[in-house]
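Asks: Fit chain A to the supplied structure of chain S, relying on the hints for placement.
Here the protein sequences line up with chains S and A, keeping their order. Be aware that the first sequence starts at -10, since it is given in our numbering, and climbs by one per residue. Be aware that the second sequence starts at -1, since it is given in our numbering, and climbs by one per residue.
For the record, the hints were derived by calculation from the structure and aren't laboratory data. By construction, the Cβ of each residue, glycine as well, lies at the ideal position given by its N, Cα and C atoms. Among the hints, erroneous ones may be present.
[Unchecked claim] In silico SDA-like pairs for lysine to any residue, Cα to Cα no more than 20 angstroms straight-line:
| # | chain 1 | residue 1 | chain 2 | residue 2 |
| --- | --- | --- | --- | --- |
| 1 | S | LYS604 | A | THR161 |
| 2 | S | LYS660 | S | MET644 |
| 3 | S | LYS424 | A | ASN104 |
| 4 | S | LYS628 | A | SER197 |
| 5 | S | LYS385 | S | ALA242 |
| 6 | A | LYS174 | A | LEU192 |
| 7 | S | LYS604 | A | ASP153 |
| 8 | S | LYS589 | A | SER197 |
| 9 | A | LYS174 | S | GLY608 |
| 10 | S | LYS589 | A | ILE173 |
| 11 | A | LYS174 | S | PRO387 |
| 12 | S | LYS82 | S | ILE63 |
| 13 | S | LYS82 | A | ASN238 |
| 14 | S | LYS628 | S | LYS604 |
| 15 | A | LYS218 | S | GLN631 |
| 16 | S | LYS589 | S | LYS604 |
| 17 | A | LYS127 | A | GLU43 |
| 18 | S | LYS400 | S | GLU380 |
| 19 | S | LYS424 | A | LYS126 |
[Stated by the list, open to error] Reference listing, derived: stretches of chain A covered by chain S, where coverage requires no fewer than 3 residues with Cβ under 8 angstroms from a Cβ of chain S:
| # | segment |
| --- | --- |
| 20 | 43 to 54 |
| 21 | 108 to 114 |
| 22 | 119 to 133 |
| 23 | 140 to 148 |
| 24 | 232 to 242 |
[To be verified] Ranges of calculated distance between the beta carbons of each label pair, as one might list FRET restraints:
| # | chain 1 | residue 1 | chain 2 | residue 2 | range |
| --- | --- | --- | --- | --- | --- |
| 25 | S | SER267 | A | PRO32 | 50 to 58 angstroms |
| 26 | S | ASN286 | A | GLU133 | 27 to 35 angstroms |
| 27 | A | ASN236 | S | ASP105 | 23 to 31 angstroms |
| 28 | S | PRO387 | A | VAL162 | 57 to 65 angstroms |
| 29 | A | VAL162 | S | ASN330 | 28 to 36 angstroms |
| 30 | S | LEU466 | A | ARG237 | 37 to 45 angstroms |
| 31 | A | ASN236 | S | ASN549 | 55 to 63 angstroms |
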Amino acid sequence: MKEKLKSLWQKLFGDSVRAFGVVSLVFLVSLAIAPAKNYFSEWRHYQHGYLKMIRNRSDAVTLQRHFQGGIQQIWLPDLGVVDRCTSCHVGLKEASLADVNVQPFRPHPVIPHKLDQFGCTVCHRGQGAATTVAEAHNSTLAWEQPILPAKYIESSCGECHRGPLPGVPQLNQGRHLLSRYGCVRCHTVKLPDATTMKPTDDPPSLEHIADKTTREWIYAWLKDPQAYASTATMPNFKLSDDDVRDISAFLIANSTPLPGDTATLTAKAPTDPTAGASLYGESFCASCHAVQNAAGNLVGGDLGPELTRIGSKVRPEWLQAWLRNPRDYDPETAMPHYRFNDPQVATFTGFLLAKTDSDLLANVHLEAATPEQIAHGKRLVSDYGCASCHEIGGIKKPENFAPELSRIGSKPITQLVFLPGMQHTLPDYVAAKIKQPRWFGQALKMPQYSFTPAQIDSLATALLALNDRAATLPPSLTVAAKLESDYQPAGKAGKLMTDLACFSCHRINGHGGDMAPDLTWEGSSVQREWLVEFLKNPNTLRPALVRRMPRFNLTDTEANELTDYIMTVYQNPAIDRDSMPLSGYPQGQVELGKQLFYGKYACQGCHIVDTKTDKGYIGPTLTNVGSRLTAAWIFEWMKNPQALRPGTAEPNRAMSDEDARALTAFLISQKGGGKSEVAKK
Amino acid sequence: MIRHSLTTNTLFAVVLVMSLAISCSHRTASAPPPKPTAFGAAIVESSGGKQTAQTGASLPQPLVVQVNDEQGTAVPGALVEFSAAPGVTFDPANGLTDSSGQVTTNVTLGGMAGRYQLTASTIDKARKKVDLRIEEIALGYQQTLGRQLSDQYCDRCHNPESTVERLSNFDNLEIKPHPFTEGDTLNKISDADLTAIISHGGPALNKSALMPAWGNTLSKSDIQALISYIRAISDPPNRNAGPVYAEN
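Just chain S, same shape as in the assembly (with noise of 0.2 angstroms):
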């Protein structure tokens, strides 16, 4: 070995000539590969694929003219960005490149920013700076950004842009989902205003549970509440029977009793088979509470529990106290207060009571509590944190329960742990530990939830929007988020919107729900005789919704304290409600703003008028408009109905002031007289 390596030094180094002469070629080689490298460089290869593609197309002469050879590279000092994707991606701003289909040459889809405002890394992550496309994409070293998955781009959006938006389903979706479950009810989540995430869910308190269900259903409902209602938010702990029997039992034992729930049943149900039926439709308890049909379809809102087996669940005498007041039993409840009479509460509770399933507890049978097993279950429900959510006599709410995903979105891989064969990338962590928490550890307590997969694309979306650059923009980079306001109506009418749910479903002052119309200019746009007998008996306004408002059984003194609270309170300071009169209009005009409602602005697409001709109906019935609305309120509608109502479905046609009165005089002229039998079909 030694003599050859020996031979054949004195072959490549015997003498100076020789020596040079192999020095020299080595230093040649070497040099020539820098030259080389950059030669053989990706973005060159694909600047050159490149030109060769477009050299053919039609529109090749301003292509030519566009395109730049060489490293390209957006810099905005501002955000930090160094982004050279442009390099390989050259036609990125060549919207008549449309038609290609490979990359890197599409050209950007149409978004509301501009490439060179914004850069690529801010939407899309990766590395901006690198030049090949392994650097650039799929980043090997710990610390750095992968590029961003397509299906989590919206999670970008959500850095800058605080509240819902349009055009991006999934992360108002995710935002919402994170609310709706609970999820942030364990998980701390800061946003960079200060404010803190709200859970809107509305987990029930478990004080007096005994008074509500028994034992049994707690059982069954612990195991599997999916298995009670398909779109129940709690999650299941998949904890096991032993464990769920000790829970059970401590839950009751812990229990203290309302006086009023357990007065015992008055009136008896009526005979009429139906008559629960009707008095579940006419109260519109579908636009809350989901019932499945015989098809096994949920009907029905999700504002509150579905009611599909509430048979199974609830005590008789607790149910009846619930439906007099539930109010008594959970003050902050989102259902009113309906005041139903004693026949009504029977008919409901008969009806109700009888939404049984009896497969589900068929298979519980459980024996009298032991002192251990209450002490036992005790334990469970501290260390799953069930006080996070519900309200338990004797244990406090735990706090942080969970880690704070305030950053999650910018959490380094080196701290995760991975499953076998998973990708090592933050989306798919966040997207598995939704998915399955518990494939993570048998022993965590995360429990499984059921989400569809686009649900849990969404929440991984929110989450991932949770991340430092969001944390640390400064204000002046992003949108922030409209807050809900804390507005509350005052005194004895207040008292009553309260007792009466309203803010459930209509929005006053930035407050409150949006399932039924926003308040806010109610006085500037009813008249005031038309309120007192809509609140008193409500018919429908809009026959093609399914959600309506109910009827509150209100007292006379009740309906005029609403209303005259509503008509001072709620007006729109821009309209003078009596501003213009509610008759007595010219012939002329009148006639003129009928031609203009059937003609020019053809208004019988979407509203009736007369009952005869007209058919359209995803606006309001307008055949008896003019007792219902101010003449003043109609014509600044037809004005501009947005700046009213923002966000109506009603076209905005920038009438003209005689257009607009012509068609306030005719619309004032429809003072019904009971056609209500339309709306009703």
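Replies: For chain A alone, kept in the frame of chain S given last:
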């Protein structure tokens, strides 16, 4: 010094060759297909074609295909394999038909907006491949915004089907509008004319005033988004709807 640059350069060359090799052979690994126990003659779509989803998102409904024999009866136990352009994923990517002759798969579309051509194939008795082509539509940001606006402002009149949340007004209209998927009509209307009728209402194109003017309600970019959406979902496809992504 020289030795140093030499090693880095050779290393670079090796890495380059390797990465080229890897990028050429880059295919998503999927489980090997099971052995078929039966062979059909034809493969047809049962449901799940012509859906729309956002780029990169999973389709709302699974794709279901069925293998039939010469008589058109379902064949259980036949092998079906799904394939498409890179970026599209199938879960599962292959499988044997169930007792009703069907295979169901969940599809996630690629990250670019446009039409995706999927292929479902089976093997017939002569061991020849029989293909079925199915098209799905991926919506980019602009089209997604358009879909949202259409849902809010247009669908009640333009979509004859009712949903629980939205009763259709279609039947109540004296003059029937076209559903936005109706390419035969809408493809003949230029972008400029679409902008005109949406902004200024039916009379702008000598059509009925039942089509309201939206130019004061919607912004220019909203209207562009609507047009982009209408073009994207049109059937037959619009000329300007962008590329088709098929397996290469």
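Asks: Please go over all the hints and tell whether each is borne out by the structure.
Replies: Each hint, compared with the structure:
Between S:LYS604 and A:THR161 the CA atoms are separated by roughly 19 angstroms; this keeps the pair inside 20 angstroms, and the hint holds. The suggested pairing of S:LYS660 with S:MET644 is violated, with an alpha-carbon distance near 24 angstroms, which exceeds 20 angstroms. A threshold of 20 angstroms between alpha carbons decides the hint, and for S:LYS424 with A:ASN104 the separation of about 16 angstroms falls inside it, so the pair holds. About 17 angstroms separates the Cα atoms of S:LYS628 and A:SER197, which keeps this hinted pair within 20 angstroms; it holds.
Our distance criterion of 20 angstroms between C-alpha atoms is met by S:LYS385 and S:ALA242, whose separation comes to about 17 angstroms. With a C-alpha separation of about 17 angstroms, the suggested pairing of A:LYS174 with A:LEU192 holds against the 20 angstroms cut-off. For a cut-off of 20 angstroms, the pair hint linking S:LYS604 to A:ASP153 stands: about 17 angstroms separates their Cα positions. With a CA separation close to 15 angstroms, the supplied pair S:LYS589 and A:SER197 stays within the 20 angstroms bound.
Restraint check for A:LYS174 and S:GLY608: the C-alpha separation of about 18 angstroms stays at or below 20 angstroms, so the hint holds. About 15 angstroms separates the Cα atoms of S:LYS589 and A:ILE173, which keeps this hinted pair within 20 angstroms; it holds. Straight-line distance between C-alpha atoms of A:LYS174 and S:PRO387 comes to about 60 angstroms, which puts the hinted pair past the 20 angstroms bound. At most 20 angstroms may separate the alpha-carbon atoms for a hinted pair to count; S:LYS82 and S:ILE63 meet this at roughly 13 angstroms.
Restraint check for S:LYS82 and A:ASN238: the C-alpha separation of about 17 angstroms stays at or below 20 angstroms, so the hint holds. In summary, the hint linking S:LYS628 to S:LYS604 is not supported, as the alpha carbons are separated by about 24 angstroms, beyond the 20 angstroms threshold. Between the alpha carbons of A:LYS218 and S:GLN631 the distance comes to roughly 17 angstroms, so the proposed pair stays at or under 20 angstroms and holds. Between S:LYS589 and S:LYS604 the alpha-carbon distance is near 17 angstroms, which keeps this suggested pair within the 20 angstroms criterion.
This hinted pair checks out: A:LYS127 and A:GLU43 have alpha carbons roughly 16 angstroms apart, not beyond 20 angstroms. Taking the CA atoms of S:LYS400 and S:GLU380, the gap is near 32 angstroms; set against the 20 angstroms cutoff, the hint is violated. Distance restraint check for S:LYS424 and A:LYS126: the Cα-Cα separation of roughly 40 angstroms exceeds the 20 angstroms cut-off, and the hinted pair is therefore not satisfied. Here's how the segment 43 to 54 of chain A fares: 3 of its residues keep a CB closer than 8 angstroms to some CB of chain S, so the rule of at least three is met and the hint holds.
Beta-carbon proximity to chain S at under 8 angstroms applies to 5 residues in the segment 108 to 114 of chain A; the threshold of 3 is reached and the given coverage holds. Only residues whose C-beta sits within less than 8 angstroms of a C-beta in chain S count toward coverage, and the segment 119 to 133 of chain A has 0 of them, not enough to reach three; the restraint is violated. With a threshold of 8 angstroms between beta carbons, the proposed coverage of the segment 140 to 148 of chain A by chain S holds, since 5 of its residues qualify and at least three are required. Residues of the segment 232 to 242 of chain A with a Cβ under 8 angstroms from some Cβ of chain S number 4, which satisfies the need for three, so the listed coverage holds.
A hinted range of 50 to 58 angstroms for the beta carbons of S:SER267 and A:PRO32 is consistent with their spacing of about 55 angstroms. Against the hinted window of 27 to 35 angstroms, the Cβ-Cβ separation of S:ASN286 and A:GLU133 comes to about 29 angstroms, which satisfies the hint. Take A:ASN236 and S:ASP105: their Cβ atoms lie about 30 angstroms apart, and the range 23 to 31 angstroms holds. Between S:PRO387 and A:VAL162 the beta carbon distance is about 39 angstroms. The supplied range of 57 to 65 angstroms is therefore violated.
Taking the beta carbon of each, A:VAL162 and S:ASN330 are about 32 angstroms apart, inside 28 to 36 angstroms as hinted. A C-beta distance of roughly 40 angstroms is found between S:LEU466 and A:ARG237, which places it inside the suggested range of 37 to 45 angstroms. Take A:ASN236 and S:ASN549: their Cβ atoms lie about 59 angstroms apart, and the range 55 to 63 angstroms holds.
The structure is inconsistent with the numbered hints 2, 11, 14, 18, 19, 22, 28, although it conforms to all the rest.
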